[in-house]
Amino acid sequence: MERAAVVRADNKDKGGNMLKPYLVAAVLLATAGAANAQNTQQEIERYRQMIADGNPAELYEAKGEGIWKQKRGPKQVSLEQCDLGLGAGVVKGVYAQLPRYFKDADRVMDLETRLVHCMVSLQGISEADAKRNPFSTADRTSDMESLVSFVTAESKGVKMNVSLSHQKEREMYQLGEKMFYFRGGPYDFSCATCHGEDAKRIRLQDLPNLTNAKDAQRAYTTWPAYRVSQSTVRTFQWRLFDCFRQQRFPALEFTSDASVALTTFLAKNANGGTLAAPALKR
Amino acid sequence: MADPMKIRAAMLGDKVEVKVLMSHIMETGQRKDAKGASIPAHFIQNVTAVHNGKTVLSAQWGPAVSTNPFLSFRFKGGKAGEKVAITWTDNKGDKRTDEATISA
Amino acid sequence: MKTNLILVPAAVLVLAGCATSLSEGEAQQRSLSMMKSSFKAQGQASLARLDQDEVQAICSKYRPGESIPKEVTEKIEKAQFAAIKYPAKLMGNWQAGERVAQIGTGFQFSDGPSAPVGANCYACHQMSKQEISYGTIGPSLYQYGKLRGVSEPMQKYTYGKIYNSNAYSACSNMPRFGHNKILTEAQMADLTALLLDPASPVNQ
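Sequences listed follow chains A, B and C, in order. For the first sequence, the working numbering gives the first residue as 6, with consecutive numbering after it. For the second sequence, the working numbering gives the first residue as 142, with consecutive numbering after it. For the third sequence, the working numbering gives the first residue as 664, with consecutive numbering after it.
It is worth saying that the hints were derived from the structure and are not from the lab. Don't take each hint at face value.
Said to hold, decoys possible - Per label pair, the in silico range of CB-to-CB distance:
1) B/A151 with C/I731: 56 to 62 Å
2) A/G71 with C/S696: 38 to 44 Å
3) C/T847 with A/S236: 53 to 59 Å
4) C/P776 with B/E240: 31 to 37 Å
5) B/A151 with C/A711: 37 to 43 Å
Said to hold, decoys possible - Away from chain C, derived, C-beta distances all over 12 Å, residues of chain A:
6) I56
7) V82
8) E159
9) A197
10) T198
11) T227
12) V265
Values in this document were obtained by computation on a predicted structure and should not be read as measured data. A virtual CB, placed ideally from N, CA and C, is assigned to each residue, including glycine.
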């Protein structure tokens, strides 16, 4: 609905030629309340296509590229030699094969975990400092969101191909699957409570069945995304963190083992899906 | 100095289509923080687009415009290779100008 | 000679692939300890929330839609039913019930001490006709009372389901609002009225 506001403001100028999109947007908003659920879905999809142009995530991608190339930390080195899985400094296509096992860390890592690793090992930044500000708040923006935007944009159009060739990758997938079905907290929620069956929605928000390949592909390939309601890009680590908050669990630690295991499980389930991140969401 | 805009300008038939993504908080002034104090208004008030010394778009915005605004418009009289400059000023006196070259 | 050298490593690889999956017991144990070490207490959410009770531990073993053995479901339902506590007055006020059904906050670590606690029914269920913003995780409850009447056994059944969904449906997706002390007796009685009262918007 924020996009309609932009067009509304343009009506104040002399052109007047922006009225048409305003009327279309108003009609869309009116028909969105119609009882026909299928029609509502189509209209939401149409609205999404209309606003796809001008995704503020592009601003984050540009900022992220600047941070990637900037000399930082005690060692005053940029991240340009960081190995994200396809060789030192290679950014193109890396997001499609993450999470993966990294020999130098002897650990399976998702993108954010690996970026923290490079900040520590290449730039000499302490792990605590590298993990300090993962998610933007009203008071301060997160560099991590910009970096993730930059890196994932370089995998746009690439098909997800997470491999489980290493033993630790297979273990993480298995553990992630177990956690997906873990019922806990005062509300007895697991990930599966909302994401374990086809064609469900919470209020009016459609829920992908993350154990169903087609849904998993569509869901995973649109993260990270600029969340209009958050006024910032949100990453997959944030998505897991915020799910657990709504499940009434305590706080998921940034780049924790559980976060990487779940990401491995969900990313692998999305194999074959074409990446469209950073996307645009409500 | 505010973050740079992303501008794309391309020929669309005999018109130039310009798409601008601006980085700005666009705080309405209506919101309150956790302690209950009003968050001061901070939003873009004026936008102008200039081509060959001529103003091709002039807009007056208010707090209804969302964070990181996207603006798309078309104008006649531009050619590939020429430049379009976008300038915004906000209610705090901050200002930003960026330009782009019109592509074919 | 050369062929053998190629074959042997391949065989070793195949064996290695099979042998390195975690056993069920190992996966179970490691996933539990990984969960515990990956979270930190925040706001009102302590780490104790990750301690599973018997129902949660058993139900984590089954997927949605997967059929659970009868002896397992009967045991859970019997034990959960026995723990239901009923108030003197089962039916409260449906207007208050509608408010409880609409409120989605409560028990999140982002909910401060003054945040209201609701049942968030509309997240999963259709209820009144007017509220079109409803979820489909649970069945529609539209005309719930109209279809069932408002007898005392029906009030008891309805209150019981809200108090503890697992008393009637082992491993249900629905939170156990009374058993886990999420809602007060008054709130659950108001919800019972929202569902059963002939004047409630649910039954129009």
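Numbers of the earlier hints that this structure fails to satisfy, in rising order = 3, 4, 5, 9, 10, 12
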